[in-house]
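As you go down the protein sequences, you meet chains E and H in turn.
Note that my numbering numbers the first sequence so that position 147 is 147, with each residue one more than the last.
Each number in my numbering comes from the position in the second sequence (counting from 1) with 328 added on.
Computed cross-link-like contacts, BS3-like style, restricted to lysine-lysine with a CA-CA straight-line distance of at most 25 Å:
1) E/LYS40 to E/LYS168
2) H/LYS368 to H/LYS651
3) E/LYS310 to E/LYS275
4) E/LYS40 to E/LYS323
5) E/LYS218 to H/LYS638
6) H/LYS406 to H/LYS420
7) E/LYS78 to E/LYS151
8) H/LYS647 to H/LYS406
9) E/LYS323 to E/LYS78
10) H/LYS553 to E/LYS275
11) H/LYS546 to E/LYS275
12) H/LYS637 to E/LYS225
13) H/LYS553 to E/LYS309
14) E/LYS310 to H/LYS546
15) E/LYS168 to E/LYS78
16) H/LYS420 to H/LYS440
17) H/LYS368 to H/LYS637
18) H/LYS603 to E/LYS218
19) H/LYS440 to H/LYS406
20) E/LYS225 to H/LYS638
21) E/LYS310 to E/LYS40
22) E/LYS92 to E/LYS104
23) H/LYS638 to H/LYS603
24) E/LYS310 to H/LYS553
25) E/LYS92 to E/LYS151
26) E/LYS168 to E/LYS319
27) H/LYS603 to H/LYS368
28) H/LYS603 to E/LYS225
29) E/LYS168 to E/LYS151
30) H/LYS425 to H/LYS546
Computed footprint of chain E on chain H; a stretch qualifies when at least three of its residues, placed anywhere within it, have a C-beta under 8 Å from a C-beta of chain E:
31) 550-562
32) 592-601
If you're looking for bench data, these hints aren't it; they were derived computationally from the structure.
Note that beta-carbon positions come from the ideal geometry of N, C-alpha and C, so glycine has one too.
Protein chains: 2
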Amino acid sequence: MWLRTFAYCRLGSSLAFALIATIAVARADPLASWNDTATKQAIIDFVTTITQQGGPEFVPDDERVAVFDMDGTLIPEKPIPAAVIPLAADLKEAVVKKPILADKPAIAAFLKGDEAALYDAGEQGLNDLIATITDSRTTEEFSESILPLMKTTAHDRFHVPYTRAVYKPMTELLSYLDDNGFENWICSGSPVLFTRAVSMEMLGIPPERVMGTSSGTKLDERDGKTVLVFDGTIDHLNDQEGKPPTINLALGARPIFVGGNEGGRGDIAMMRWSKDRTGPSFQLLINHDDAEREFEYSEPDNYSLDAAKKYGFYIVSIKNDWKEIIAP
Amino acid sequence: MWLRTFAYCRLGSSLAFALIATIAVARADPLASWNDTATKQAIIDFVTTITQQGGPEFVPDDERVAVFDMDGTLIPEKPIPAAVIPLAADLKEAVVKKPILADKPAIAAFLKGDEAALYDAGEQGLNDLIATITDSRTTEEFSESILPLMKTTAHDRFHVPYTRAVYKPMTELLSYLDDNGFENWICSGSPVLFTRAVSMEMLGIPPERVMGTSSGTKLDERDGKTVLVFDGTIDHLNDQEGKPPTINLALGARPIFVGGNEGGRGDIAMMRWSKDRTGPSFQLLINHDDAEREFEYSEPDNYSLDAAKKYGFYIVSIKNDWKEIIAP
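Please model the complete structure; the sequences and the hints are all you need to start from.
Dropping the structure here:
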């Protein structure tokens, strides 16, 4: 009997140390890279309120879903969005194989890095790009090359590999939400087949929690084995009003927490859709106002920042709210 | 100090009881409603092998994804698929409001319960049905009524509410996989907006792990609030070759475990796609061969059962492999 009691005590003490460790972690500042501003306080207040068992605004775990845009929200989108790195590599390869492709305006613009011309090419242009890049490749062939390339390509502005060019304050926010029972999802305008290849490595978000612009695929056979092959079409363009339907298809519910950024008008629709859910919610719009430490850009008509004020979204000033941008 | 030691012992003993309880659960037969046949043994052997840390076929948690068809696989699909209950209720309501709708062949066939005529109406017929039922309703309006109706409607054959008309051996399999680190998903031909409304209650699977036939939605405003409204189109018909693209869009990977059933040819494509993954996998095809306790039906050309033999899928004979069908 004494031996059994002794065994319990051994178990007990290791458990006690585990508890002490947990308490220590819980006491540390979960948002250490954020300055002590109203924005940081608002995030902490919201999470504290909705996780307070028995509190008036308590939200059960299964409703704690947070959705974030990626480019410009979790990672920098300047000078170019991360997805452009592998897409450009693939596109160059495709043009070498089939030079006539370079006659397509969007492809020419893309290869020249001519953003204006690329924008002018519009959705048809995007279709040409995706069709060229995915042309008759299997989903698995497409994905393989992405992560290795992102690990070995340095970001022009921050001089770290793209896989480490992520906003430190936002990765802290993701961990903080995760520790408080939230499921974190990405809803990006970038192709989902790209974002999935890097989401775990860059942000700790598993592929099945990534939404994005999707290309059509069809079941085919290669050497008697089934494969999914891209059919060259864009199945869904995941931007602006296109985001809420994607989130609804993936989740079947409105997210309670949404993060987006100004600069491309892309995230206001999903933020409004979250704001209009029944019960509490929180929307965070990142303002790129720090030319010195990151980038300074905004929409000519100030659309997103005006919408944030109108609908009551919280605005994150990179300049004032973030102590650190990218971990060195 | 003695007090602290005492505290550790208290913690320790409760922990020890927890451990004993866990061991007890682990020892109980996780598939009690299955007869001790080769099929049951094959399932247990597969799960044991791929969860054996350091073993030659060990599969990490993040790859342990199981995907199941719903109608005929997890729940009965005769005399009518569960989704027909709310769809019929909605359709009758729509026809009362707009009698001319009854002139559409598919709607007439549906209301008469004329399966052959419904089948003849084909995809256009399905479009007419979905368009009529979803016509300008919001996603939330549509979902609300489903679960209450399914809780109060009795299944014709099993005389329990539809929400309890689920295969007991399959719910045991879901729990067994869940206990072994699998994520269970549904990939059904039924409308995803229906399946999601019942998946947690019927099968313990959360809405975000449900895939199905999807209808187009667009963002709209009602009384100044954003809502998603059905646009009357079918976005994706989730059957046969349509299933692997849906799974790939949701998961970005091939599932390691797939369950389906013969009777409608619907699941062979996703089972083959799973079988052709790199590494171990397991496919289960349910054969409805028990006229006495459930239903007996098969495809005229025996397509699914032949495919199971050809590609090495396991066949579950309801008659021989299942001790119990539905919990009374």
